[in-house]
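Colleague: Single-letter residue listing:
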Amino acid sequence: MDNLTLWGLFFAVGLGTYLVRLSFIQLHGSTQALLERSKTILMLLPPAILAALCIPAIVFQRPTTEYQLDWIQILAGLVTVLIAHFSRSVFWPVVGGMLCLWLARWLISGNAV
Amino acid sequence: MHFSNYRQQFWEGVRDLLPLVSGVLPFGLIAGATGVALGMSPEMIMGMTVLFYAGSAQLAAYQLIQDNAPFVIIVLTSVVVNLRFAIYSATFAPLIAPLKARYRYPLAYLLSDQAYGLCNVPEQLDRSTGERLWYLTGVATSMCVAWILSVLLGVALGTSIPAHWSLEFTIPLAFLAMLVSTITSRLLFIVAVVAGLGAIAFQLLPYNLGFTLAVIAGVCCGIWLPGLVRRGGQSNG
Numbered sequence: 001m002d003n004l005t006l007w008g009l010f011f012a013v014g015l016g017t018y019l020v021r022l023s024f025i026q027l028h029g030s031t032q033a034l035l036e037r038s039k040t041i042l043m044l045l046p047p048a049i050l051a052a053l054c055i056p057a058i059v060f061q062r063p064t065t066e067y068q069l070d071w072i073q074i075l076a077g078l079v080t081v082l083i084a085h086f087s088r089s090v091f092w093p094v095v096g097g098m099l100c101l102w103l104a105r106w107l108i109s110g111n112a113v
Numbered sequence: 114m115h116f117s118n119y120r121q122q123f124w125e126g127v128r129d130l131l132p133l134v135s136g137v138l139p140f141g142l143i144a145g146a147t148g149v150a151l152g153m154s155p156e157m158i159m160g161m162t163v164l165f166y167a168g169s170a171q172l173a174a175y176q177l178i179q180d181n182a183p184f185v186i187i188v189l190t191s192v193v194v195n196l197r198f199a200i201y202s203a204t205f206a207p208l209i210a211p212l213k214a215r216y217r218y219p220l221a222y223l224l225s226d227q228a229y230g231l232c233n234v235p236e237q238l239d240r241s242t243g244e245r246l247w248y249l250t251g252v253a254t255s256m257c258v259a260w261i262l263s264v265l266l267g268v269a270l271g272t273s274i275p276a277h278w279s280l281e282f283t284i285p286l287a288f289l290a291m292l293v294s295t296i297t298s299r300l301l302f303i304v305a306v307v308a309g310l311g312a313i314a315f316q317l318l319p320y321n322l323g324f325t326l327a328v329i330a331g332v333c334c335g336i337w338l339p340g341l342v343r344r345g346g347q348s349n350g
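Here the protein sequences come in this chain order: A and B.
Residue numbers are given in the working numbering: position 83 of the first sequence equals residue 83, and the series is strictly consecutive.
So the mapping is simple: the working numbering equals the position in the second sequence, first residue as 1, plus 113.
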């Protein structure tokens, strides 16, 4: 993607995101019914999107064309899930997962990370 | 109500945000450093940061740019990742909607996960509208400053981070951690499993179609499954 396209992309997403933020504030009063109806989908979307974004990137080596399973990444993912289950933050699970990734790679390769 | 009281609310908001910076800073570092790793110029990364003002959408966009996904898919995905802001918008609407446009538009831009979290605790909800507005303003502006500075630091450090650290792997891990926190019921867990398996099953499809199909499959599952279970339960009983 060239730079001009990227800027176009950023402006489009920026505008879209801003309109989402403004939506109910601007339409306050006339949207309660719509909000009630779309509540289910609004609730279902985040887990669906996050799972579709991260699961393949964790399970498979990247960049790749052969889609080879990467067990170290899967292990790091499991550590992240475990920590996230208790901490509720984003920071510590990511730190734990990365430490696990580095440690496991170091143990297997015998080289310093 | 005196202005000095409101100023106190503003600084209380700033003060309450400070501990959250420990979570914002590394996330911003990742957002900045990943942009550098993808070969983007500093002004582009900062432009993207200010325009998005949404870390997870920024990481999602990075991932999809890396995957050579088409323009429309990247825009739709990034905006959809931000759909939770619609919930925040609805939550803050009674507070922000009556304001003049010159206050309303900037405050809408400043809405964030952190602002939503801090401003909706019972202690805040008991306060007057004015107090809540100034508290929100304090939280939201300091959050915005903290985020932009964190990304800037990430951009500055970006080139000095070795490639074999696989820092880009923090992106899917961050999504995974967010995923865990969004799963609050068994239904949402099933939705995530269906979407995740779908994304694996469909990943060979062109134009990143697999991603979209996986999300649709997960959401449809979440819509129809409760009905199916209920009907099944009735026919059994």
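I should point out that these hints are in silico values taken from the structure, not numbers from a laboratory.
Among the clues, some could well be false.
[To be verified] If you want a taste of the chain B side facing chain A, the calculated C-beta under 7 Å gives, among others:
1. L231
2. P235
3. A287
[To be verified] Only some residues are given here: those of chain B computed to face chain A with a beta carbon under 8 Å:
4. W124
5. G136
6. V149
7. G152
8. P155
9. M157
10. Y216
11. A305
Note that CB positions come from ideal geometry on N, CA and C, so glycine has one too.
Colleague: All the hints need checking, so say for each whether the structure fits it.
Modeller: Each hint tested on the structure:
no.: 1; hint: L231; in the structure: violated (14 Å)
no.: 2; hint: P235; in the structure: violated (18 Å)
no.: 3; hint: A287; in the structure: holds (5 Å)
no.: 4; hint: W124; in the structure: violated (24 Å)
no.: 5; hint: G136; in the structure: holds (4 Å)
no.: 6; hint: V149; in the structure: violated (14 Å)
no.: 7; hint: G152; in the structure: violated (10 Å)
no.: 8; hint: P155; in the structure: violated (13 Å)
no.: 9; hint: M157; in the structure: holds (6 Å)
no.: 10; hint: Y216; in the structure: violated (11 Å)
no.: 11; hint: A305; in the structure: holds (4 Å)
In summary, the numbered hints that this structure violates are 1, 2, 4, 6, 7, 8 and 10.
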